[in-house]
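Protein chains in written order, with the numbering used here: chain A, 1 to 120; chain B, 1001 to 1171; chain C, 2001 to 2662.
Mixed in with the good hints there might be a few duds.
To be verified - Here are the simulated lysine to any residue pairs, SDA-like style, with alpha carbons at most 25 Å apart: (1) C:K2281 x C:M2333; (2) C:K2281 x C:Q2329; (3) C:K2281 x A:S40; (4) A:K89 x C:R2078; (5) C:K2215 x A:D107; (6) C:K2164 x A:A96; (7) C:K2164 x A:R65.
No lab work stands behind these hints: they were computed from the structure.
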Amino acid sequence: MAKILAVDDSASMRSMVAFTLRGAGHDVEEADNGQAALDSAAVHKFDLILADVNMPVMDGITMVREIRTRADYRGIPILMLTTESNPEKKMEGKAAGATGWLVKPFDPDQLLATVNRVLG
Amino acid sequence: MNQQANSATAAPEEAAQYLTVNLGNEEYGVDILAVREIRGWTPVTRIPQAPGYVLGVLNLRGAIVPVLDLRLRFGLAREEYTATTVTVIVMVNGRQFGVVVDAVSDVVEVAPGDVRPVPDMGTTVDTEYLKGLTSVAERMVLLLDVDRLLQPQDAQMLEAALASSDVKAVA
Amino acid sequence: MSKVDLAQFHKAFYEESLDGLDAMEQALLALDEGAEDPELINVVFRAAHSIKGGAATFGFTDVAAFTHVAENLMDEVRSGRRPMAKAVVELLLRSGDTVRDMLSLSMAGQPAATAESQALLAELSAMVSGHAAAPVVAVAKAAAAAEAIEGWDIAFRPFDYLLKSGNDPARMFRELEALGPLAVTCDASKLPALADMDAESSYLGWTLSLDAGAKRAAVEGVFDWVDGDCDLTVTPRIAAPAPVAEVAAAAAAPVAAAAPRAVRDPAANSESSSVRVGIEKIDTLINLVGELVITQSMLSQFNDGVDASQLEMLRHGLAQLGRHTRELQESVMSIRMLPISTVFNRFPRLVRDLAQKLDKKVVLDMRGETTELDKTVLEKIGDPLVHLVRNAIDHGLEMPDKRVAAGKGDTGTLRLEAFHRGGSIVVEVADNGAGLNREAIVAKAIQRGIITTGEGMSDEAVSDLIFEAGFSTAAATTDLSGRGVGMDVVRRNVMDLGGTVAIRSVQGSGTTFTITLPLTLAIIDGLTAAVGDEIYIVPLVSIIESVQVKPDTVRSVAGGGELFRFRDNWMPIVRLFDVFGCAGQRRAVDEGIVIVVEGEGTRIGLFVDELIGQQQAVVKSLEANYRRVTGISGATILADGSVALIADVTGLVRMQARRKAA
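If we strip away everything but chain A, and leave its shape as in the complex, we get (with noise of 0.2 Å):
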């Protein structure tokens, strides 16, 4: 069991995630938008960040960014969830810090998927 926090400002795809994550026996905390991540992120000790890149207040990328540079999150993986599916968007994201993407739509099983893959 890992402890996710799961970032989107839609609230349908975050129960989604969440729903999802926590069926497979995880902890999952939400957030809806980077700042909001950023906040949670400060209380709880996350072992793995997915977030959407497109939000309101902080977009994911400025948030992957952002939290880069506190030392306890330096190594833990972060997954964006994206529907772009331009090579742009990822590699912003990983010029931010990103660990990989998850790209839009994915069914609940490619969620699992790749959670499994970065969780080991």
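Guided by the hints, dock chains B and C onto chain A, whose structure is given.
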């Protein structure tokens, strides 16, 4: 339960529990599953246009609950409400209402096989509100069909509905 | 397959998509008015983008396909490749409407793609420059797999920062091992002296040998997240000719994955019966309940009795309990409160479209959008407001040339404002147009037989005529410079909510409609009145005045009725004692009080014995356990725990009208 079912002498169905209440000289049984609460008599607020046996409404933890007098319902003389007068709160089809009786007496167990149809024997009660009768330790208990107690006002409700649609048509 | 049923998220997706579309519409309207905030463009993009993502995830493929093209169009604008022209705004506004319809259809379990949506999709696609960019699935690599491969040699040397991105070589090797037997050789030649080592840097390189004929995509897929963060060579060990079937399977896979899933929730409909509650409101509730628990435990020490020395403490505890209970009630009520912006939101679009259609120039000035109202009130106030706004633009505001001729600016202003006043919410719809035309209204009212002459009528009384039933019909909308389309309906709707509408008009400079609404339907302010041995509550909002009756102000009429003179008008007296069949002593008419009330525009005098006082009443349903009672709108619980019934003024007015007709 399975053991009971296997026993040859046991009734095929489970016995039901009834709360017995007194009304004049007779004893009635109310299905205990419908009983929510038993409380002492408290004054109620009268409601306009209600049938005579509906005494009014009372405040049951914030819910407005109608109260009917079983004596008046059955056409008996109205008794003075005293300290022993009791209101049994029942819940039927999601609706709560109170039934005023003289007193509550007992909880009895009645096997379905022990329920007999009500002969037309001139009891004070119209048989349409009875599910049947049974005897418990030499006493006769009339089993009430609680579902029907508030029902015969259907005719009035229909009238009321017609009247209000009338009003709409005028407006 | 996973056991997760995606249908459970459909409603949330639908609701958030509607919110997104509303936000998109507002941003588009702001852009239409020349705003240059790049965040507005982002809002529009994000709405299209989110809906596309959700729709694709939850199986609404038609919606996904549609929003995909809208998103592409917005992406062009966002990246500066296309200006935000009027035509783009227009098209996107229409797209928003279409997506809203498509979502409703989808939720109802019907096909979302209609002839209309397909036509609009074609328009959108045509506008998006070059080609209608369909999502490109990575097919390119399939060709490379057309080789018979018995294994892979991999050289992998991460750059030193790799670990910081959360990627772990050991994890990748495990993934490779899942494809087949793996031999790993480590190259530690670049490892620095211990003292120079950075624990978070990667210094190692690996040579891996995978003994399995896995597809190149699978092998490279393990490294796709570290592409560019490492030196990587992947070389196949080739043996026999290519198995063609495998290629076909590889190409087919992504198509199968993208196939539409028939997941629909027939139970879901567009009526939302749930309330979304801000987390801060929940937190407040939790805090209050916490305090209540503390107070309760404090008070429980008095279980065994109180001695005189503790009285002060008990009094304090009870006061605290009272305060917490009141606060808790307010908090619970606030859960039903939503900002009026949920209703106001539709007006920028409405005003824009209407002004365009009528060739008028209108600026919409909205204020107090954060003012909160009970959800039930909100749901019902929308239509009356739309009515008033439409009328203001249609009949209130003049054509630009007329305005200029009247010495005003060519652009009219429509003000929509919500604010608190006392225990009520006030919503005003005000225009700076021509104002009501007194002569035309009087003439119309005479023609309709509502009045016989306008002489001696105050301007206020004349204005009020437009609320009379029968004052106007749809056919009459254009022949009068005043207003009037179904204003009686507006008034009735507002009164059904326990509110009032007032009108203030100055000829030549405009008209203001003031709607006053109760904060909530769950609590009313009422006048407590004694009738015989009983107590009834009359809602304050319906009361015009309470008057002590003098014998010369009452007149008996044939059939046993009584009339009461109030401000030079005779109105029927309704004795609650008789109507409700009260117990106790029936009073003579000059021994009581007449409460003048108004319902549906008709005034009657309710005769009661005496007034006891004014109080707030929490409205409880009689129907929940009993049934509807004519003339009674509900019940409430008095301070002593007993029940008092609330008079239904509208119902009593109707009863009186029926009696008169009979």
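Legend entry - Ascending list of hint numbers which this structure does not respect: none
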